[in-house]
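Participant: Residues per chain, in single letters:
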Amino acid sequence: MSRLLRTDVAWALLPLLVASALVLQNGGWPWRGDWNWTIDTIAGSTVLTGPLVGGLAAWMVVRAAALRPLTDTTPRRAWVVVRQAGLAAGLGLVAYALTALVAVAITLAVPHGGDAGWAALVIGPLVLAACAMTGAALALHLPHPLTALAVPVGLFLLGDLAPRPGPELLRHGPVTGSLAGLRFDLAVIAWHSLALAGLTALLTLAALPSRDTSPLPRARAALLVAGLLTGGTGTILTMSSPPERFVITAERPDVCAGTPVQVCLPAAQQRQLDRILPGVQQVAARLTAAGAALPDRFEAALPGYRPPPEVGLLARGISDDLPTDPSALAALLMRPSPCPDYFDPTARPGDEYAFATELLIAVAVATEPDAVITGPERAWLQQTDPAERRSWVARTYSALRACDLEAVRLPDSLRAGLPE
Amino acid sequence: MTRDDVLVADHLAHRYGGHVVFDDLSLSLGAERVGLLGVNGAGKSTLLRILSTSLVPDRGTVRLTDGDGSLSDLRRRIGFMPQALPVPGTVRVGDFLGYLAWLREIPRRRRGAAVATALARTDLTAQHDARVSALSGGMFRRLLLAQAILAEPPVLLLDEPTAGLDPQQRLQLRRILVEQAWLRAVVVSSHSFEDLAPVVTRTVVLHDGRVVFDGPMSELAGRAEEHRREDAPGSAAGSAADDQARPGGLSDLEAGFLSLLRPPGPPT
Chain H
68 MSRLLRTDVA WALLPLLVAS ALVLQNGGWP WRGDWNWTID TIAGSTVLTG
118 PLVGGLAAWM VVRAAALRPL TDTTPRRAWV VVRQAGLAAG LGLVAYALTA
168 LVAVAITLAV PHGGDAGWAA LVIGPLVLAA CAMTGAALAL HLPHPLTALA
218 VPVGLFLLGD LAPRPGPELL RHGPVTGSLA GLRFDLAVIA WHSLALAGLT
268 ALLTLAALPS RDTSPLPRAR AALLVAGLLT GGTGTILTMS SPPERFVITA
318 ERPDVCAGTP VQVCLPAAQQ RQLDRILPGV QQVAARLTAA GAALPDRFEA
368 ALPGYRPPPE VGLLARGISD DLPTDPSALA ALLMRPSPCP DYFDPTARPG
418 DEYAFATELL IAVAVATEPD AVITGPERAW LQQTDPAERR SWVARTYSAL
468 RACDLEAVRL PDSLRAGLPE
Chain B
12 MTRDDVLVAD HLAHRYGGHV VFDDLSLSLG AERVGLLGVN GAGKSTLLRI
62 LSTSLVPDRG TVRLTDGDGS LSDLRRRIGF MPQALPVPGT VRVGDFLGYL
112 AWLREIPRRR RGAAVATALA RTDLTAQHDA RVSALSGGMF RRLLLAQAIL
162 AEPPVLLLDE PTAGLDPQQR LQLRRILVEQ AWLRAVVVSS HSFEDLAPVV
212 TRTVVLHDGR VVFDGPMSEL AGRAEEHRRE DAPGSAAGSA ADDQARPGGL
262 SDLEAGFLSL LRPPGPPT
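Going down the list, the sequences are from chains H and B.
This note's numbering applies: residue 68 is where the first sequence begins, and numbers increase by one.
This note's numbering applies: residue 12 is where the second sequence begins, and numbers increase by one.
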């Protein structure tokens, strides 16, 4: 690699690393410790670094255009633009590698696990190469400094607004939620890789000077054939595949802790276990004391797994971090076992179910020092006969567990407040 | 050196906008050092750019007589020093030459040595790590020369190479042009007869897109009398000063050159 533009490395790496750091910062959410999520976050750093690399390549080509009276007299003149793109992509790759190192180090430093689809990392360099060649090819034909500004904006918007397969190819992650129970669909990754490689080949062709191409009609032909074949095949296969790049696995929540209420999460989410276990056990103990017959074990639901009826369902949306505050933890334990009544989107449980659940949560957190319970629930908790209250808690929780949602009723004293 | 052809330009035609620079210019360059002379706008730089392949002529061809006819081959064997070049000021001298070494297909393992040799030949060794913005005008000219000789090309095209050089550096340039065994053919464009005279073995004068003189410098000097006769007081040519009688007047070469630029007179 020539050293001409190496003087640019120091400053060009900086924005790339800042962009990568922004992605790694994960919007302020805790790091997950989930390998596939880590891999997706690394690959997803190109959502920002790709457009930046495109702009950098454009800037380098615009700058190198000033030397054309000289470079045009050299045998490698045709490769000047490709070289600038390669250098920009190379810088992006350095940032990508550093991002990967940091992300892997963080994941190793926390409780981690789950499937690791390392092959999905190949998509990042391909996105960088495609973005770099896009910037370089555009700057070759529009050698103006504004091109270097327009390219990153355009590439970012293309990844956001373009029709399929634009966003799929340019926006590989990062997802914000857990990828537990999912793995990369390597076929989809392969189709995307083919499409990106073909696109890069065709853009390389566009970055070769159209006139007086002493280097290599053969290289041009090879690029054209390779670009059309791989790009065409990849695009067709991408378009005929589902837009999701993950498939459901048979992963089970087999990392368990605690007793008597045992909590089981998938290995990918095991970092959450230490966070939620004390709170879950505390809330479970209160509910038990209030009369609820809790199952001995709660398991996380996964895209490919629902706990059996005798096991408690510990579930929120798979994308959410598991909460730690008592009310939210109590809500976690209120979820009915898997049953059509609850999961049928056309017949969601009614208001009474929701209010009854709220009342159960109030029972679970009533003794919390900072619990704020007002209104009729407060009155019911304070004035109801303990035996009657215990009976309602036992009956309601059992109905929830049995998924008999029709049987989930508010106490009579509170039903009057229900909307018609 | 022999006059065996090395570089041949056939029937070149080129125009900028509506201005015709050449209409049908042919020139053969042998294993020799050729001085290219002409007034501003005569087409010297355009010709050098076409010969160096950085400019594609509207018509005509440039070829090496012992080449394979490809542009790549031509570019491998020609070194070109442009009159000016906007090299980014932040680039370091060694990096710039390293880049040019890549462009000129110097193998990676030889690039460092090639850069060092070129810098030594142009007396820029101490500037290897300097930024281009820190070079004086003369140093920058030498840097452009250094990149031209980097790959030791058999054909060297230099556009105004002596501009901004001090006498010692001009002497150094002459040595490079005369003493390097790898150099077969040199074309030097210059306004300075003084610089060209000790170096070139053949002089080509361009005027209005045509070759109006092609021969040794001595022959050009021999035409001085013609200019002085026509420019003498009372002649039809007007009242030009008597160059010989005036301090700072024209040399024989300059006078001979000026005689070429006169429009053809009426037949006598």
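Honestly, the hints are just simulated from the structure, not real lab data.
Glycine included, C-beta positions come from ideal geometry on N, C-alpha and C.
Errors might be hidden in some of the hints.
Not everything, but these chain B residues come out facing chain H in the computed CB check (under 10 Å) [as the list claims (entries may be wrong)]:
{"id": "1", "residue": "V19"}
{"id": "2", "residue": "A20"}
{"id": "3", "residue": "S37"}
{"id": "4", "residue": "L38"}
{"id": "5", "residue": "S63"}
{"id": "6", "residue": "T64"}
{"id": "7", "residue": "S65"}
{"id": "8", "residue": "R86"}
{"id": "9", "residue": "P99"}
{"id": "10", "residue": "F151"}
{"id": "11", "residue": "W193"}
{"id": "12", "residue": "V223"}
Participant: For a quick check of understanding: which of the numbered hints are violated here, in increasing order?
Facilitator: 1, 2, 3, 4, 10, 11 and 12
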